[in-house]
Amino acid sequence: MRPPSEDLPALLGEGYAAIAGAVHGLDDATGDGATRAAGWTVRDLLLHLVGDAQRALVTMATPADAAPDTDAVTYWHGFRPDLGDGGAAHAAWVRRSAAAFTGVDGLVALWRDTSAAAARAVAAADPSSTVTTQGHVLTVRDVVSTLLVEATVHTLDLAPTLAVRPPPEALSHTRAVLERLLGAPLPDVWDDEEAVLRGTGRLPVDDERYPLLG
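Reading the sequence shown from the start, the letters are residues 1 to 214 in full-length UniProt numbering.
Because the hints were derived from the structure by calculation, they are not lab data.
Note that beta-carbon positions come from the ideal geometry of N, C-alpha and C, so glycine has one too.
It is possible that some hints are incorrect.
Label pairs and their in silico Cβ distance ranges [said to hold, decoys possible]:
hint, residue 1, residue 2, range
1, Val205, Ala116, 32 to 38 Å
2, Ala88, Ser129, 33 to 39 Å
3, Gly21, Gly135, 32 to 38 Å
Please model the complete structure; the sequences and the hints are all you need to start from.
What follows is the structure, encoded as structure tokens:
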């Protein structure tokens with residue numbers, strides 16, 4: 001039975017578990033396979049996701065006394081692909097760090113343990129409480145939304161090589177965030193998966209407003 005559509009912690013836990021299941025028994029050759037994230041292999045993307053799960057753990061343990069200054073949509077304003085170096089420095093760090101693992105099995109184990117701990121921490125947190133992450137104050141619920149969007153997009157990135165798909169409710173939530181970033185509905189002819197792929201530049205769109213996220 002699937003969690004309710006807006007039970008974001010449950011959806012995040014389901015999404016993280018799906019990735020863990022998909023990479024269980026991953027061999028080095030498949031770990032070097034391509035993803036939809038340009039220039040990133042499966043192992044690169046898995047390490048990037050480990051960083052997200054670590055962010056969840058740190059954030060849930062970093063309460064804030066201040067009111068939120070960022071929400072689930074404005075959080076993404078600093079991550080547009082046309083800003084700064086477009087994430088090139090982070091991508092280079094991820095590739096070097098992922099390559100430091102002698103085998104992909106160590107990275108798989110790190111993801112399994114870290115993602116499960118992050119899912120438990122998120123589920124135990126008060127969704128209305130405020131926390132600090134990356135220099136911003138958000139409610140726990142909004143932080144979980146950012147984690148869910150990230151996991152959903154990157155699950156689609158992994159899909160060409162691994163047999164994994166995000167929960168349907170996670171796709172619809174991610175679409176809603178993208179529509180709020182755009183300030184308009186995404187085309188009805190796009191189902192939720194296509195909307196996320198096009199909204200994040202994984203599939204082309206002849207519109208200068210895209211991609212909304214990298």
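Each hint, compared with the structure:
1. Val205 to Ala116: 32 to 38 Å: The hinted range 32 to 38 Å holds for Val205 and Ala116, with Cβ atoms some 36 Å apart.
2. Ala88 to Ser129: 33 to 39 Å: 35 Å, holds
3. Gly21 to Gly135: 32 to 38 Å: Roughly 34 Å apart at Cβ, these two residues keep to the hinted range, so it holds.
Consistency note: the structure conflicts with none of the earlier hints.
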